[in-house]
Every structure is written in structure tokens, then in C-alpha cells.
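Each chain, written out:
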Amino acid sequence: MISSVLEDKTTARLDDYAPLIGRARVDQLRLMGEALRGRTIDMVSAGRFGGTDAEGLDGMITLLNELGIPTVWEVLEGDPDFVAVTDAISQGLQGAPCPLTTAMRDRWEAVTARNIKALALEADCVIIHDHQPIGLIAARKPGRQNWLWRSHVDLSAPDPAAWEFIVPYLRQYDGAIVSAPSCALPVSIPQFLIPPSINPLSDKNRELSRGFIRQVLHRFGIEEGRPILTQISRFDQLKDPFGVVAAYRLIKKRHNCQLVLAGDRSADDPEADRVLDQLREDAGNDPDVHIVELPPSADLEINALQRASTIILQTSPSEGSALTVTDALFKKKPVVAGSGGGIALQVIHGVTGIVVHSVEGAAYQVTWLLDHPDLARNLGRQGYRHACEHFLLTRHVQDYLVALIELRARTAGRKPIILKDGTGRR
Amino acid sequence: MVRPFRFVASLPLIRLTGRSASNVVELLGHLRGATDAMLSYQTYEYHREYPWLGARYPSRIAYWVSEVLRERALGERLAMIDLRTTAGFADLREQFVSMIDAYLNGKPTVRDAPPGLELSFCEAAGSLVPTGRTASTPDEFLSGLEVSTADEVFHHLIEARWPVHTVEHDPIWWLEQGGHAAMAERLRLLQPFVFTLEELRVRAIGVFERDALVARIARRVSAYPVQTPVKGVLERFAFFHEAREVVHDLFRTRRQDDRPAR
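So the sequence lines, in the order shown, correspond to chains A and B. Heads up: the first sequence runs through residues 1 to 426, numbered per our numbering. Heads up: the second sequence runs through residues 1 to 262, numbered per our numbering.
If you're looking for bench data, these hints aren't it; they were derived computationally from the structure. Predicted model, so just to flag it, every value in this text is computed and none were measured. Glycine included, C-beta positions come from ideal geometry on N, C-alpha and C. Check before you lean on any hint, since a few could be wrong.
Only part of the chain B face toward chain A is listed, based on derived beta-carbon distances under 7 Å [as the list claims (entries may be wrong)]:
#1 Ala9
#2 Leu11
#3 Leu13
#4 Ile14
#5 Arg15
#6 Leu16
#7 Gly18
#8 Gly116
#9 Leu117
#10 Ser120
#11 Ser127
#12 Val129
#13 Leu142
#14 Gly144
#15 Thr149
Please build the complete structure, drawing on both the sequences and the hints.
Written out as C-alpha cells, the structure is:
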């Protein structure tokens, strides 16, 4: 396998980030770690691979432990029936109809109860990622622990049944963390905006050799030397792959470009099967449309495809974290994207990328960028600066530490150190 | 004697309220009831997040009205609300509200923001983290400023000047207390909202470097007798910027001091 010959940097240490973020910021993180030294954290998610919650957790946990904040990562144990329930809820939280039968609820409760017994959940602060482990809140030890719920998807327009299912659990949390202001939850618990982040030193983002990139292109039959338009996302209707194909058809009238739709595809995913079948039918006999199915761990291949691309697209109208956009910005690629969820924080129209609202808009803007490569490069440079300043793992760690400081103050009955509402001394 | 200046980093934590505006009418409604922390999010935190935009629009509100709603006339007016001269958040709120109120008077229709681009009303909170670095002299402050993070630059050169914050974190106050009024005044003249944080740091360093340079030249010049031809002395300082003017001023002052009193 191609990936195995290259160096694994997922366990990078804090000093390794200094060339990107500066020595002063590394020292600042160490100071914050000292302030919280001894506090323990438990991160809980539904899996170790794939999905926004798993991305970056490895690197984050390494850094937190290095800062003197013992952090563990526990993974929910489930079964296919439980996965079917959580998939239905996931679709429902993002707006699709979500009928939950009694059998589905019973399955949920049984698996949740089993995990409450099996998992440690002992840390001072437990951070639950997404909805699958949300029921574990029953294990909370009041007065001794803080529990935070971290949402990685856009919950601005959920199906009522799905929302009503998770709200009773959500109300018990000390706070929630969301990725964008538009993802604010209609519950009365403190909610903090912590945008997601990428690990700049991971396989998905580190520098690659030209030779490796060429190998990956050759493996998937993609030509160098012609414009490559790429969208990286799972094969799901919500990611607007058909809109991207339609835009490509319009762009093709002006530029002899190629389209790459690449994404991971886990087993037993009927939605992905349906979308892939439809995409292949849409692509027809066009040799310049490349539909690339990748396993969840194919980070190096995704990295190579993005680095080889001329323009990156992410036109989904609804997005949670949109980390594929962050990956693209970090690689200095011009990005043409929709405006949903986490994209709005990253792509500032005309400055760090281009925001579009229609197929025709995407086609027009991509064509314009292909016609003006200097301006496209400028967008890429600005996007890179923005990503480095606000969307790297080290900033994410800092935000978690500030949130822990706030929670610790609240738990102790002290007013948190709030600067911005006129309560400072003069 | 003034206490040493302590470098502190201001680390943000943004709290969501669920409030958002789709058009100018809704914007006005939210502004009327906006907390100080919400206004801080629209102004100070916006500048920290998008420093290169801050040079064109001093607030998230001005940017959103101009670029998202395309209500350009109102956006231009809102861009003139100058945070540096605002007396506090109450004053800032009143300026925004009265300007938008006047704009809407008689305006029959307003535009809506495209979906996903509504203006959110979050609250800015956060923590101050002492860095452990201190400065007892302007030279030491210069050294500290050179290695500060953007969060420290943001707090000391922008946030700390806001009337509600701790005065000891304001380097202008610290310089004035230490008897460096001229340097304090030059720092005060820096316009914080038209530069990125890095540009602001460079300009602030320039303020301190200029004074350090003058002090250094003055020490060297004091070794020369007053009658020394200035031209010869200048050649030794040819590599300093503004050396001619500085040296002339110094010699002029010394000659005046040496003139017998009438």
C-alpha cells in the first residue's frame, strides 16, 4: 500500500508546531497547561476513524497529555442495530425525516446502558462527541465532573423527532460546543463556539513529494497538466455531489478540466450505494469524471488529491465542521464553497475563497478562477493565512483549555474571568 | 515608582446566544437589546478574527451590512463609527442604533441576507493568562513586545485601551506613569483598527525603537563638544533614519542650554 512507506507524524509534539504557529504561542499553551495541570479529560466518540470527531483527536490528545493534562479517548461499543439507529438519528439531526420506533429506542437504551458500565468516564471533564454517546450523561457524577457535548454537524434545522430524542440528554450537560454561530442549539445550556481544526502535521496535511502525488494521480487515472476540480466528501446527497457534476458540465464548455469526486465509504452504507450508482449514471462515459472510493484511513491519498487539484469545491448547502475546506485552505488551494455551517467561518467571499449559492454560481466562479490563475493563487495564499491563524489544532487545544477554565470557575461558584462585558476593573 | 509592566494574553471564548439578524430591521431590534459582550463580539473579536478585513470595515456589523446585505450607503456610515473615540459600549450601542434608525426612516423595503449568511449575535468572553514576562523600562517593554503572541498584542494595544479594562495592562498608562509622556503620546496616536495585529506590533515597535534610537544617539552625541561641526558627527550616524533631524535638534537644545542667562 502506498501510504505505508511515508513517515507517520500523528504523534507530533508541541515543539513540532512552532514553525507554523511561532514559539511564543507554544509557550503560551504551556502556561495554560500549567494553570490546569492535573485536571483530567475523557474524550468519548463513536469511532476512531472517519467523521469529524475522530479527525484531530489523536493529535489533540497527544498535546493535552504533553501539557500535563492527562487525557484519554474512549470509544463507544455498538452493534449493527445500534449503528442503524444512530445513522437514522444523524440523518434526522441534519433535516431528513427520522421515524424512531420503540424497538430502535430500546436498542439505543440497551447499548447506552452497556457502555455506561463498560467505559471508565472518570475524568474531571468528559467531552462527548456527537450524538452516538450522548446518553452516557447518566454516568455523570454531579459536583465532581463537568460534561460537555461537542457537536460536529449542523443542527440548525433538525427533524423534530430526532431533536426531541436527544434534547432530554442534552439538557443535562454543563455546556455544548458547536462549530459555527449558525449551529446554535435551542436549549438553555451554555454554548461555546469552538471551530474545528485540522492537524497540519497529520498525513492528511503534511507536505508530500511530487513523486507520491504523481503516483496517486496515476493510480486513479487522473491526468496531470490539465485543470483538476475536486470535491472530497462522503457519498451523501447532503454533500451535493450532483450539483458539483452539473457545475462541471457547464465549466467543461470553457475549460478542458477534470472532475474528481473522492470520499470514504464505509461498509453497509445503502445511502452511499445509492448516491454512487446515481453518480456513475450521471458521469456516463465521460473519462474526465473520476469517482474515487477511498477507505476511511486513506489520508495520504486525500492529501495528494487535494495538493494536485487546481480548485477545491465544497458546495453542500448544509455543513457541520467542513474540515475538507480547512484542509484545502491550508494547502493554499482556491476554494469554491457553499455557505452552510462551518464553511461560513472559513470562506470569506473574495478574500479567503469564493461563496456560491447555485450550480450556475459555482460554474461561473470556477470558470473565472481558471481564467485568472494569479487571482486564484492570491485567494489560496489568503486562505492559508486564515487557516493557520484560526483553524489549526493548537488553536483548538487553546479553546478547550479556556473552556475548562470557565467551567472550573463555574463549578467552584466563582465568576469566570470575563473581559468583554464591562466587568473589568479600572 | 511605577510597577513593572506585566504581559498578559487575552484568550477568547465565544458564547452563542442563538440570536441572529437576516436584515437591517432585525439588526436594529437585536442592537437595542444587545449586551456589552455582544457588542464586543461585533467589534473587538471581529477585528481579531479578520484583521485584514478590519482595515476596511471596523466592525462585523459594517462588513455584513455592506458586503452581505449590499446596503452600501448604510454600511459606509456604519464604518465611520470609530471605536477609538467611543466612550464605552453604551455609547457604541447608541451610535449604531441611531444611525440605523435614521436610515430606516421612510425606507420601504430592506434586503435579506442569503441563507447561511445571517449576522449572529454571540457574546465575547474569555480569560487573561499572565505570561510571566515583565518590563521595568521601555527597552524591556520593546523586547517583550517583539516576542509577544497576537493574543498579547491584541490585549495590550487594542483591548486594554477600552475604558472598562484594567489600566495596568495599558502600556500608554504605564509609560505615562513612568514619565515617558512623549512615547505614550506616540503610542496613543497609533490607529489600532486599521492594521492587522502584526502590522500594529511592528508600528508599536517602531515607536519604542525611535525613542531608544534617540536615547542612544543622545548618549553618543554627549561625548562631543558643543562646538563640534554637526556634519562630521552626522557622518558617524549616517545609517540611522532621521539622524540629521535628531542630531540638529540635540545640538540646538544643548547650545540653548549653554547660552548664558540674560
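Hint check against the structure, violated hint numbers in rising order: Hint check: 13, 14 fail, others pass.
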